[in-house]
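Number of protein chains: 6
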Amino acid sequence: MFYHDGKLQYEVKVDKPDPQFAKMLQQAIGGVEGEMRVCLQYLFQAWNMRGPAKYKDMLLDTGTEEMAHIEMLATAVALNLEGAPNELKDKVAGDSPFMEQVMGGANPRHILSSGLGAMATDSCGVPFNGSWIVGSGNMAADMYANVMAESTGRTLAARLWKSTSDKGMRDMLSFLLARDTMHQNQWLAVLEETGGLKGAHPIPNSFPQDEENHDFNYTFISTKIDGESEAKGRWSEGESLDGKGQFKFEKARPYGKKPHLGAASPSGFAQKEQMEEGFTDKIKDVFKK
Amino acid sequence: MFYHDGKLQYEVKVDKPDPQFAKMLQQAIGGVEGEMRVCLQYLFQAWNMRGPAKYKDMLLDTGTEEMAHIEMLATAVALNLEGAPNELKDKVAGDSPFMEQVMGGANPRHILSSGLGAMATDSCGVPFNGSWIVGSGNMAADMYANVMAESTGRTLAARLWKSTSDKGMRDMLSFLLARDTMHQNQWLAVLEETGGLKGAHPIPNSFPQDEENHDFNYTFISTKIDGESEAKGRWSEGESLDGKGQFKFEKARPYGKKPHLGAASPSGFAQKEQMEEGFTDKIKDVFKK
Amino acid sequence: MFYHDGKLQYEVKVDKPDPQFAKMLQQAIGGVEGEMRVCLQYLFQAWNMRGPAKYKDMLLDTGTEEMAHIEMLATAVALNLEGAPNELKDKVAGDSPFMEQVMGGANPRHILSSGLGAMATDSCGVPFNGSWIVGSGNMAADMYANVMAESTGRTLAARLWKSTSDKGMRDMLSFLLARDTMHQNQWLAVLEETGGLKGAHPIPNSFPQDEENHDFNYTFISTKIDGESEAKGRWSEGESLDGKGQFKFEKARPYGKKPHLGAASPSGFAQKEQMEEGFTDKIKDVFKK
Amino acid sequence: MFYHDGKLQYEVKVDKPDPQFAKMLQQAIGGVEGEMRVCLQYLFQAWNMRGPAKYKDMLLDTGTEEMAHIEMLATAVALNLEGAPNELKDKVAGDSPFMEQVMGGANPRHILSSGLGAMATDSCGVPFNGSWIVGSGNMAADMYANVMAESTGRTLAARLWKSTSDKGMRDMLSFLLARDTMHQNQWLAVLEETGGLKGAHPIPNSFPQDEENHDFNYTFISTKIDGESEAKGRWSEGESLDGKGQFKFEKARPYGKKPHLGAASPSGFAQKEQMEEGFTDKIKDVFKK
Amino acid sequence: MFYHDGKLQYEVKVDKPDPQFAKMLQQAIGGVEGEMRVCLQYLFQAWNMRGPAKYKDMLLDTGTEEMAHIEMLATAVALNLEGAPNELKDKVAGDSPFMEQVMGGANPRHILSSGLGAMATDSCGVPFNGSWIVGSGNMAADMYANVMAESTGRTLAARLWKSTSDKGMRDMLSFLLARDTMHQNQWLAVLEETGGLKGAHPIPNSFPQDEENHDFNYTFISTKIDGESEAKGRWSEGESLDGKGQFKFEKARPYGKKPHLGAASPSGFAQKEQMEEGFTDKIKDVFKK
Amino acid sequence: MFYHDGKLQYEVKVDKPDPQFAKMLQQAIGGVEGEMRVCLQYLFQAWNMRGPAKYKDMLLDTGTEEMAHIEMLATAVALNLEGAPNELKDKVAGDSPFMEQVMGGANPRHILSSGLGAMATDSCGVPFNGSWIVGSGNMAADMYANVMAESTGRTLAARLWKSTSDKGMRDMLSFLLARDTMHQNQWLAVLEETGGLKGAHPIPNSFPQDEENHDFNYTFISTKIDGESEAKGRWSEGESLDGKGQFKFEKARPYGKKPHLGAASPSGFAQKEQMEEGFTDKIKDVFKK
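Protein chains in written order, with full-length UniProt numbering: chain A, 1 to 289; chain B, 1 to 289; chain C, 1 to 289; chain D, 1 to 289; chain E, 1 to 289; chain F, 1 to 289.
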């Protein structure tokens, strides 16, 4: 169950409102790298958690924290949009000041749809999508999803930090950058605690590895045909990272034959040309019944 | 540039066609854990690659291989659907045999839309979505996205393997499981080669860490209010995984104040009640102009 | 800022696990009538609230409560899916028990993607979409969006209640039905408090009604051509609900002319036939430059 | 069945073509607040209508009218884009005049995809989505969906009106504003006619209210933990709006316990760490079969 | 402008209600091959039409007719779902009859969301999407989009016809099949009237063909590397269909070099390893400012 | 199976990097008219191909070629974005140069999400969608889908060509325009080879035309009510294009009656007003059980 105190986790100040930066901040709210994704991802993982109880608590702790990050960013969007109407008090109608913002790259829906507030969309106006929320039922796969989300998330925060010179906004972003640093470390810590690379991989570690094909499970296959691939490195020789095999390098070649599907059946309504000969008589029979 | 030879990378045989399994296999084609995603993800990462050339080659090598996996799975779907029309030759019209399939949980669009072939959708019929393709421009973030994709991908393959007893299908899946094992190792190898945890994290490692808030970058914040959180572990004390800090544990509390947005501006068309007093006079002025 | 206590707002018990009911419950999580929508809708409205402070508090109070409802439903989905693996302990491989579930209408992704847990999708597997979150910046419009959400939400809960005979599930739904009753009343109370129909309408009440066309603002227009429309009622005569006009009934007719777009420009790459005569010469000029 | 006369319901004139305004107008065509939504929503509600015949007629009357509004707006978009090619006649190739438009915030797809015509998208280029069409089978829930749609629709029209100073465009919008006023009143009139708040609520009024939990159906639950919530008002004491209860105010607290899911089953391919002890032996048994 | 008469274009009778067939019929309403797509596609093409007026009229005529087809199909869905509640009168609660339908492959949202009516989705429950509406501004491209839509549409209707033995449903489908036959012919007739293959192609015929690369515009390029491609036919030799070239057959080979992107810039927040040497000093400079 | 050589099919040179043109080029990558669509469409059609083997080879040949076109365009996007960071070396922080790009209409996600590389989205940032991939199982329907895709694709390429004056970009586009010319001809050649209009239509040609309604299969139906429709032409009289009928022209009129759905069932949770009289007693009975 959840509670709130109506305060912000960290101060949000906007020194100079900037509708274009409001547009960019939306990426950190409803974008694939944003806070709605991590918040809901951690909560769904918590709710679906089977196994040691402490991981459920941990996911709830951090999922709930992320909700406060959406709140901070939504507040930042609204404050960055406040400038607009203020200026408007003197310029009306004929001046079309909204239009100037839009011509200058602002998000038209910040004016038309949300009335100068945040939306559940990314910086292009594409809505948040539930398919981004990863909760696989496999804890290690989920941890990688989380490290990945915090890595693209921190990269996004760095790019936003570089895109503004507003002191208040940079201060807020320096807090979010710090939290992303922690969260990257946190999910990595779970992976270490549950056995590290050699314990966890190949994920899922509960599938009996005997059942996978042993000719291809530690072989780098190069599909390059014109000269040698330059893709040589740690992955093309030596012990595998999971400690369960030796890397090999191999040129790709087909182990299967040309696939062949049968002629189309009369009932599938392909063109006649796709059906076998004598079709004309058969189809009559089929439809006579 | 790309080429093909019209053959399959590995044999695809279906011993007993099964439309319900065809439906499930779609998850491995157009689902978020599927092969279209990894194929396009590796190719886009290759095309956008800045930095050491060997990683571009490696991504092209594997992205191109994944294309062959989609081909194998699409063939498997078509072969699993072949049974249906054959049976139909004897039962027609009045028998509504298509309907029986659909009542039995088959995908109606395999009959209605694709004419017994594979589609670019997941197992529920939801179309593949380009937002799943991660190419962040940051190599380490991308590698985590790739480990995650191969981890959920191998978990999916294991679940599919368990959902069928068809010998041909299990053989094909044992090949795909093996490739996922290799690919998990492969992306981890890149991470090791480029510095491991201490070299890569916090991602992006090119953002000057001085600029992030040092009070919060290695602190686990627990948002639990009723008793102590059980979320203690490797992440709540000791050296951080990136070697750049010491973990701390802290109870969540607000560092910011209650946020306050100003009154709504006349130009935003909120309700009058949301605007400041004296609005009635102001709005007249505004619209008089 | 947000907190949790790790407990459920109300008890969730499943007497007899039922994967098909798990599928149906997803509609109440990630469907357009579900709890993710109301939770995020109330929170975004709170974060964007301009005007009297108490409405912001109220929206935060209820948005935070809805988070607990998602938690309850996610738990219910996981518990309804627990039955499946238990049965599986005795039937393996050759029996394809997963397949039986899927043939019986269960959601394949509950097995393949979430490992027997809840997902951020509706009952057909369509992902939650951020476009469903209404936060218009206009309080009265938002309140109607909220009443509507709770009305379709309670209708959904009633239909779910009727679709199961599981005592635990009906008890949980009787709690959710009660909360929907309260929330319908709650948003209606805000509308009454801020002036009722005559105060709020037409929404937005801050647009100067002088500027709208007075020939058409209280006229019911019937587009029926074959005989009289039966659409007579409270809306076709008498005082309007907002108290600002008298209803009229009118047969539809065009007040505008047939629209005419000019010939296509050479630069738009329509077919030549869509361009004006003499195009051939002009286009040469255009491309000569 | 439907008919057309090829004329516009109301005059559409553009005094000065403006590609940026064309972009904004798209919100009123294919946006969530737009005319495609209301048109299809009213028609689907009509086609699915069970109950008194006059409401079906009424929904058909208005759904058909809305089709004419899409037509007007599509014409307005095309006319606002006509300016572009005219200017182009003198500036070609090297001047990249299309680019200037795009740099100035115009929608690139108006040039690249539609050839200077309207599209079925919103102002950000996001396609119209069928999930926005509400037809719940419950008439009162549908009426609230309709009031909400016309409230956000009229708010959008007001914001568009404020965003242009083009006389022709303002005249067209003053007509659409008037129709939205009527339609808000019209759906409210249906609600009044079918019993008003006390007759309709809680929606659905056909679910036996005895079956809902009576401890929570008229209680405002505040989830605020730090001091008292300011959310006191019409909804926290006195008779409920539906006349069926008395409002109460209560601090949130959990009535349920900490949820507990069992250990992961071997067949679900979680990590081993998520499974019960002794798993190693069991899994062998499972796969031995 | 549009009108209705409240009647169906053609009789819709359901002899034996069938919820599974209701699910399949949804493909013809909100699916990519369905009537919502053609209806809106023809109307948008009409509204955006530049060029000879008769084509605008024709598109309006047929777009308006398609609206009546959606109406017929929506009625058919509702009638096919009517059986369900009737049976329910005797079986209640404990019997979970809704569940039986869902276990039998019915669409859960027909029960949960629409209350036994049609929805704006396809047969899998995926919402209609505005991106399917093609209106390119180029008349010939649009005509091909229309022939394609009617070809997949008639194929769908044939498959639906084969999936039911209900006399009423087959009669309705025989009407829709007939209309699709006409509409295929109709759009082909426009192509013939505006010049046929040699007049229209390559589309757009207004782009000066001199500007396209003449080494590759009539050459079939085979990317097959293992033996000769079997892809020889009408397209590999002889005069091209547009009469403007001679077909050639060529083995694929690269005319470009290996692409090379520069090192990543400090401002893009790639990993340090992706940046040029000496980066460490430069980055300090950058951030010193 | 697939291979690559790491080279470009045709040279990609950017003389003057241009972030706005990078944004526009995205339409040709991930847009509905773009190369991801044709690539995947031809490959899925190949993999699902039943019938003469040469068509499978041909589709593989061209699908594989299109992959190289995505590669060219992705490279072009990355090169057009390279300019940005270069300029940045001198202007930092306070200058907010990223913002200037965005204000100038650049895609914010090229900075925030992809780190100056291509994405799987269209020019508005809307993700690629799998529903655009047409593979109907009917070869002729598929060929029309392909002609349509190449017609809108070539129109897009022409518009891009006109939107830039960069010599390198125009050279690349002149190659892509040429390939689209070939591909239009190629799919038309398949249609000619398999019987032309009279052989293929009505598609599917395997549905027994006797079963379609013969009163309506060659009749143009005009839904215009106000005066005569101007939609007279090749389609309103004379032999049909498929050679199987004579065109007729007819004014639309209803052949069906007003549809009537029964009263709502108690179990569907409509409002009471939608149910039959005496409902109150019945519902009690229903819930008593």
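Read the hints as simulated data drawn from the structure, not as lab findings. Computed from a predicted structure; not experimentally measured. Heads up, some of the hints might be wrong.
If several chains are the same, the list does not tell them apart, and a pair holds so long as it fits within one copy or across any two.
As the list claims (entries may be wrong) - Only pairs whose alpha carbons sit at most 25 Å apart, straight line, appear in this in silico BS3-like list of lysine-lysine: (1) Lys244 x Lys7; (2) Lys198 x Lys16; (3) Lys248 x Lys16; (4) Lys251 x Lys167; (5) Lys257 x Lys244; (6) Lys257 x Lys167; (7) Lys167 x Lys232; (8) Lys258 x Lys16; (9) Lys224 x Lys272; (10) Lys224 x Lys16; (11) Lys251 x Lys16.
For which of the previously enumerated hints does the structure constitute a violation, in increasing order of number? As far as the earlier hints go, 1, 2, 3, 4, 5, 7, 9, 10 and 11 are violated by this structure, in ascending order.
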